[in-house]
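Undergrad: The lines below spell out each chain.
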Amino acid sequence: MVNVSDLGIKFKMEKRRRSRALAFLDRSRKQQWSPREFWALRHVSFTVERGETVGIIGRNGSGKSTLLRVIAGIYPPDEGRVSVDGEVSTLFSLGTGFNAELSGRDNIYLDGVMMGLTKMKIDGIIDAIIEFAELGDFIDMPVRTYSSGMRARLGFAIAIHSDKDIVLIDEIMGAGDAAFKQKADAEMSRIIGEKTVIIVSHVIPTIEKFASKAIWLDRGVIAAMGEPKGVIEQYLAASKVKKPPPDEE
Amino acid sequence: MIEQLKNIWQRRELLYYIVRFQMKAEKKNKVLGFVWSFLDPLLLFFTYMILVHYIFGRGGPQFPVLLFISLLSWRWFASSLSRSVTSITSKVGLIQSVRFPLAILPLSGIIIGFFDWLFGFVILVPMLFIFEASFTVNILWLPVLLLIQFVGTVGVCLISAVLGTYLSDLSNIIQFAIRICFYLSPIIWMVEERVPERLTTLYMLGNPFAGMLESYKNVMVRGVPPTEYVIVGTAVACVVFLVGLWYLSRNEYKLVKVI
Chain A
1 MVNVSDLGIK FKMEKRRRSR ALAFLDRSRK QQWSPREFWA LRHVSFTVER GETVGIIGRN
61 GSGKSTLLRV IAGIYPPDEG RVSVDGEVST LFSLGTGFNA ELSGRDNIYL DGVMMGLTKM
121 KIDGIIDAII EFAELGDFID MPVRTYSSGM RARLGFAIAI HSDKDIVLID EIMGAGDAAF
181 KQKADAEMSR IIGEKTVIIV SHVIPTIEKF ASKAIWLDRG VIAAMGEPKG VIEQYLAASK
241 VKKPPPDEE
Chain B
250 MIEQLKNIWQ RRELLYYIVR FQMKAEKKNK VLGFVWSFLD PLLLFFTYMI LVHYIFGRGG
310 PQFPVLLFIS LLSWRWFASS LSRSVTSITS KVGLIQSVRF PLAILPLSGI IIGFFDWLFG
370 FVILVPMLFI FEASFTVNIL WLPVLLLIQF VGTVGVCLIS AVLGTYLSDL SNIIQFAIRI
430 CFYLSPIIWM VEERVPERLT TLYMLGNPFA GMLESYKNVM VRGVPPTEYV IVGTAVACVV
490 FLVGLWYLSR NEYKLVKVI
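Those protein sequence lines, which keep their order, are chains A and B. For the first sequence, the residue numbers in the working numbering are 1 to 249. For the second sequence, the residue numbers in the working numbering are 250 to 508.
In case anyone wonders, no lab produced these hints; they're calculated from the structure. One or more of the hints may lead you astray.
Distance condition first, Cα-Cα at most 25 Å in a straight line; then the derived SDA-like pairs of lysine to any residue [claimed, not checked]:
1) K277(B) <-> I372(B)
2) K273(B) <-> L373(B)
3) K273(B) <-> T145(A)
4) K255(B) <-> T118(A)
5) K503(B) <-> T118(A)
6) K12(A) <-> S420(B)
7) K119(A) <-> R260(B)
8) K503(B) <-> R36(A)
9) K503(B) <-> G73(A)
10) K506(B) <-> S5(A)
11) K340(B) <-> A100(A)
12) K340(B) <-> I74(A)
13) K213(A) <-> M1(A)
14) K12(A) <-> T335(B)
15) K503(B) <-> D6(A)
16) K276(B) <-> P142(A)
17) K503(B) <-> W258(B)
18) K164(A) <-> F180(A)
19) K213(A) <-> D6(A)
20) K10(A) <-> L504(B)
21) K503(B) <-> I423(B)
22) K277(B) <-> D137(A)
23) K277(B) <-> T145(A)
24) K10(A) <-> G73(A)
Note that the structure is a prediction, hence the values are computed from the model and not measured.
With these hints in hand, go ahead and build the complete structure from the sequences.
TA: What follows is the structure, given as structure tokens:
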């Protein structure tokens, strides 16, 4: 379903963005301005089978979100290949696409269309989304009046109802209160096995509970991959050694 | 490049919703809301009427309607351009979450600008009657002129959207450039009054917008065909459009990484 082989993504470290804008003015300057490069991901290979749930763990800046973005087709690989068979539903830091001035209802349409759903499709699922997000009358209020939990719930509800083959989830379980968490967990359990899911999370229990495979990313390379329990143990063991504990977001 | 146009066409529903909701969000918090769509061009018009007509004592009997036509078209171009510079950098979160053709961002600004033009046109129609514009079959040129302007604006805005992402200074430069071009174009003054006759050809060739604006005035008020200089505008529009598409398609993936 998702096949990543020898993937490398490099970024250029620049203080300003100007270099490439002006590079065409003076070819010779290109060299001089050539910024330092760093590989956010390198030599990353793995496959995700249909219906599999993969958890990705790692410290901040280890390339987890970059990896999701590559799978979502936002960054093209600089090295290696990524092939994705099926439609991807993206869900990153929740509600980034939301327009704060618009109502929750309008944002459902906007977000849904962003993900590539048609208006007809959204018309069909909007009631389920509103009910699942437990927004009640707030659905017709501007999103700026929402609490962060409400935003997260709405974002989660849209993604989960979008009915795409591949669901990418970034740091979701931290959002919402205990009751919603339970509901989200239940919904996760339902789609697991049915959909292909890739979760990025700091919340180890989430990975432990849902993932059939875990990948530990460390500074852009795969440090360990396989059965979740073992990978998590290695990750935790490695985290302990570092003197200041990795600060969680 | 054809690939790119196809991609945009595929995501037209997204474009539609971005435009619709952007317009809705802009009007939502205002007491007068929708009324501003009509008030904005009117207030702009009155400002320049005071300046030109009362302070400088210039302009003939039909000047008000000619001014209004020029202001509408100019405003469409200028607002699209100033929106486009930051159109990509202001949507970082979105661009990093979903894959979609980046051209949609500047395009949505241009389409919103066109709706503003249409709202202004509603006011323009009675003005045409009041100032006794001559209606002829030449009014049929109007959609053609709008199309030319649209194509050219898309080109300019695609370029400025890409450049503006790399170079934040561009938004300062653009604001200034828009202002200068406003005064250099026949909006608050008349070509026949202010440009010496021997220089007219040179001027009309040098400023593609001049030909466009004069053509708008010709087909709507003077009842004659567009000036021959509209060819300059058309040529520039087509070239800029192709360059813009090419420039964006070359940079699209790089942009996603630098924002």
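Undergrad: State for each hint whether it applies.
TA: Each hint, compared with the structure:
1. About 22 Å separates the Cα atoms of K277(B) and I372(B), which keeps this hinted pair within 25 Å; it holds.
2. The straight-line distance between the Cα atoms of K273(B) and L373(B) is roughly 23 Å, inside the 25 Å bound, and the hint therefore holds.
3. Simply put, K273(B) and T145(A) have alpha-carbon atoms about 17 Å apart, close enough for the 25 Å limit, and the pair holds.
4. As the CA atoms of K255(B) and T118(A) are separated by approximately 17 Å, the hinted pair is consistent with the 25 Å bound.
5. The hinted pair formed by K503(B) and T118(A) fails the criterion: a straight-line CA distance of about 29 Å is larger than 25 Å.
6. In summary, the hint linking K12(A) to S420(B) is supported, as the alpha carbons are separated by about 24 Å, within the 25 Å threshold.
7. Among the hinted pairs, K119(A) with R260(B) is consistent with the structure: their alpha-carbon atoms are about 12 Å apart, no more than 25 Å.
8. Distance restraint check for K503(B) and R36(A): the Cα-Cα separation of roughly 15 Å lies within the 25 Å cut-off, and the hinted pair is therefore satisfied.
9. Between K503(B) and G73(A) the alpha-carbon distance is near 13 Å, which keeps this suggested pair within the 25 Å criterion.
10. For the proposed pair K506(B) and S5(A), the alpha carbon gap of about 21 Å is at most 25 Å, so the pair holds.
11. Between K340(B) and A100(A) the alpha-carbon distance is near 13 Å, which keeps this suggested pair within the 25 Å criterion.
12. Between K340(B) and I74(A), the direct Cα distance comes to roughly 14 Å. Compliance with the 25 Å bound is thereby established for this hinted pair.
13. For the hint pairing K213(A) with M1(A), the CA-to-CA distance comes to about 15 Å; that is within 25 Å, so the pair holds.
14. Of the pairs offered as hints, the one joining K12(A) and T335(B) holds, with about 21 Å between alpha carbons and a cut-off of 25 Å not exceeded.
15. A threshold of 25 Å between alpha carbons decides the hint, and for K503(B) with D6(A) the separation of about 21 Å falls inside it, so the pair holds.
16. Among the hinted pairs, K276(B) with P142(A) is consistent with the structure: their alpha-carbon atoms are about 13 Å apart, no more than 25 Å.
17. Restraint check for K503(B) and W258(B): satisfied, since their Cα atoms lie roughly 22 Å apart, inside the 25 Å limit.
18. This hinted pair checks out: K164(A) and F180(A) have alpha carbons roughly 22 Å apart, not beyond 25 Å.
19. Note on K213(A) and D6(A): the hinted pairing holds, with a Cα-Cα distance of about 19 Å set against a maximum of 25 Å.
20. The suggested pairing of K10(A) with L504(B) holds, with an alpha-carbon distance near 13 Å, which does not exceed 25 Å.
21. Proximity of K503(B) to I423(B) is assessed by CA-CA distance (about 23 Å); at most 25 Å being required, the pair is judged to hold.
22. For the suggested pair K277(B) and D137(A), the alpha carbons sit about 19 Å apart, so the restraint of at most 25 Å is met.
23. Simply put, K277(B) and T145(A) have alpha-carbon atoms about 14 Å apart, close enough for the 25 Å limit, and the pair holds.
24. At most 25 Å may separate the alpha-carbon atoms for a hinted pair to count; K10(A) and G73(A) meet this at roughly 15 Å.
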